[in-house]
Amino acid sequence: MTVSVVGQPMPQVSAQEKVQGRAVYAGDIKMAGMLHAKLLRSPHAHARILSIDTSAAEALPGVKVVVTGDDVPRRRWGVHHKQQNVLACGLVRFVGEEVAAVVATTEAVAQDALELIRIEYEELPAVLDIDAALSEGAVPVHPEGNVVDEINIARGDVEAGFAAADIVHEEVYTTHSQYPGYMEPMATVAATDGNGRLTVWTSTQSVFLARQRLAEALDRPISSIRVIQATVGGGFGAKIVEERSSVIAAFLATKVDRPVRLNLSRLDDIQSGCFSVPMRIRLKMGMTRDGTITAKDVTIEAECGAYAGLSPEVMLVTAMRSDNMQRLENVRSHARMIHTHTMPRGAFRGFGGTQMSFALNSHMSTMADMLGMDPFDLHRRNAIRTGDLSVHGWEIGSCGLPECLDQVSTALDWTARRARNTRCGVLRRGVGMAAVMHVSGNRTMGNWDGSTVVLKVNEDGRVVILTAESDMGQGANTMLTQICAQELGIPVSHVTVQAPDTDNSPYCLGSLASRVTINAGNAMLGAARQARSQILEAAAQKLGCEAADLTIADGVVHSGKNPNLFAPLPEICRYHIFRHGGEGILVRHTHDPKTVMMNKEHYGNIAPAYSFAAQALEVEVDTETGQVRVVETYLSDDCGKAINPLTVHGQSAGAAVQAVGWTLYEELQMEGGRVMNGNLADYTMPTAEAVPTMHSDIVETDEPNGPLGAKGASETAILPGAPAIANAVYDAIGVRITDLPITPEKILAALAAKEQPHA
Amino acid sequence: MHSFEFMEPTTLAEALRLLATHEDDACVFAGGTALLLAMRQRMMVPEIVVSLGRLHDLRTIGWTPAGGLRIGALARHGDVARSELVQQHYPMLAGVAAGLANPQVRNQATIGGNLCYADPATDPPSCLIAMGAEVTIAGPDGERRIPMRTFSVDFFTTALEPGEILTGILLPPPDPQRLGHYRRHLRTAAEHRPVANVALTARRVGSAWDEVRLVVGAATPSPQSMTRAEAYLAGRAITLDVAAEAASLVAEELAPISDGRGDAAFRRQVVRAATRRIVAEAAGLDWKETAA
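In the order they appear, the protein sequences are chains A and B. Here this note's numbering is used: position 268 in the first sequence is 268, and no number is missing along the way. Here this note's numbering is used: position 206 in the second sequence is 1206, and no number is missing along the way.
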């Protein structure tokens, strides 16, 4: 290794094709004879479908087929709770649920045909929020009732912990639903071939989970389906297994036996996309005078909407993950996942972590004030450390949380800025902070969290990597390329990562739980080292020396002992093929981390590593208009060795912006279960002009289980934003907002209430 | 989007003829930023789209010392913002155009299209009314000229008759004694459309003002002149207390709309704050020190 590639900031390997507009997204794919699909959605939150008349739609010239719930397989699909059909069968459970689909020669004809479908509904009473769903005699969304999942976790002696506390604080926090807001709305092309096999090109975070789901929903063998990942324009969790349009597109292709494209418009995507899970969290904590947490008691009510999807897994994260960030002994969580007649919610960057981070960090800040402590000191006092075993059995191999806290407090000049606040004037500034943790990997499926990489060295010494871990824009392919190039001693431009394809790629779970860098990165490292030793063996044979004396740099194998002994890689790679009966260098390496599934008590070391982050920021609150502006933010991510610092900074900045959006700008407005602002003019995500001065830094702990010391990045960074803003607002104006989003109206109302305490 | 016929007349007369022939089946395309959204969502389904893109005369911005400014209806917001004539003689208007919506809209949408669409959540109407603008309208029977304040009628409604085309905006010659200020309020920094705006112009007479025009936009179905505050401010030395009192008068007189961007009470509060600030600012006072 002459040149270090790992650790160098470099643009993503996909950057060039993307900026040139040449990356092929599913919506770009055109095939001979391809047809177009459009979806008809339910206008009712809860209704029985009495009849559907598709005759007028079918009669429209250009329409190939109109399908309804009567045409789809009876088998239901879902993550754990099998609750959905390809299209609604007999009953609709939320406004926007797909009740019919049209396939036609053009999108415009398909759209026209939708307007000709006549559906007779019998409207039924609907439960539209948690309280209604839990009320006495509430209409059940599913026959099993409205509580679809319940978690109870208890460790230590919580009551004794509270008894030992000097101060106890209890508060209820509510968090709202956020649209994942990826740049690319869902798009799928599906086609059957003459043998009846189905191929699906789609925007997905996991081709193998996509295929498994399609097999279930379409009720056909897994191997009769091939899923190929098109370029993905962002996923943020929503494209793991919960979106519905790829399932519908695949089904339609089987009905017409011609290629079918289903591109969702932004309006469609918002109606069928996967928003995050809103929650109500009651948090009670006790501390001794020195700030040591003695007990923590959490009650969670979470709303998954009409179908559970991944929401129960999301809620489990909310219920226990943040406990592992601190040295706790006495903790208790009770969490319930509740159905309503609203859009299904589910996985979202942070996977349940943002909700609890808001509650916990708001609480920590409040209790720091009660103790007269600086919140940084309170976090430091309780922070878990490298080598600790957490209350839920997590083995903390590396923890840079104290360093993250130091970095952001120094960078923001915390103490000085905090002292500057005088709480007077029209525009008031305040500072806030938060600290968080996240997993890198998570053993939840089939006692397996492994990843396999196939590495093929071509006859010219350049390589192709096969994996089914998805690059959805987050940089997985760049990470693999950097590790591979460094280990093999070749330029990064000599590495190609193939798009995931269930027919050709090794089985992988895909991009979720921040698992790809640590697991696929380790598999890549193993594969590259295996290939390297094969190259060196072949070179040793050819050059007549010991393999141990040889090394590879800049694509040339050379001896460290004799400068006259060298050979360029193409020579060795061809030699290997010719001298091994035509066998080129083709290696496969699997890495399955030494983790365990949680036991029934939710105990056990589920992840090979844990990432940490902290954020400190300053806001300005306009006391006359209620507007909150984030002025400047510092975010520090402990992601272990940063394989590509440029990507890590990009992820930190992007996550911080998404958190600002969730906290201040984005608000899903619903009336009667209907989305009232389902477009990007009215559902306002942050724009370039709406973003503060942003800074990020990296704490490079050396993770013993990570490839070259690396852990996951990006999900951790979304977790601290909301409470840091809420804490800064409190610092600025003395008003504590406990329900997100922090709107101008809430600020004005809270200020008014504060000025007239007796009103 | 439904298919439609796209017509590109090269003269105003031809454009007017097309509108007269096709009546309700036709609609006018200027910058298209609002129209295309409406068509894609099938809120508008015109059979004939009459583009004014080739009427190059309607793009020009001209100025004479005696006649004032004439902005062609097809001038884009970016054109207005970058025009040296506008920047030099009407900085208030240049500032409004430079901050309108977002760069994409400024570089495509036209000022005429903006006025004709009459979406309340925008900036130019209140600003132009406060500046004493007039508009010119071409129709089958020739051209007419009306004050901007009578052009904006209501929510998405203007004084334009069927078959007419807005051709230009006229501003009186600049008066060195007339001050002009404008404030736009976005609900959050991520918004591109104002929840409220306030435009203020007045003639300086010694240390006081007269001929005060105070117009609120975006918070109301169409721009609302704040006559009580205008009368109150005329002839008075402006202090922070006077600014606050004017803000209260405006808040009382205002008839705000309620929608997803903010209810009436919120808009009233925002307009009150904006009014206090704009009056203080125009008088060179610092509004940041005390709240209303």
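For the record, the hints were derived by calculation from the structure and aren't laboratory data. Some clues are possibly wrong.
Here are the in silico distance ranges between beta carbons for each label pair [said to hold, decoys possible]:
hint : chain 1 : residue 1 : chain 2 : residue 2 : range
1    : B       : Asp1263   : A       : Asn504    : 54 to 64 angstroms
2    : B       : Gln1041   : A       : Gly555    : 49 to 59 angstroms
3    : B       : Pro1172   : A       : Met676    : 37 to 47 angstroms
Note that the Cβ used here is the ideal one computed from N, Cα and C, for glycine as well.
Hints breached by this structure: Per hint list: zero violations.
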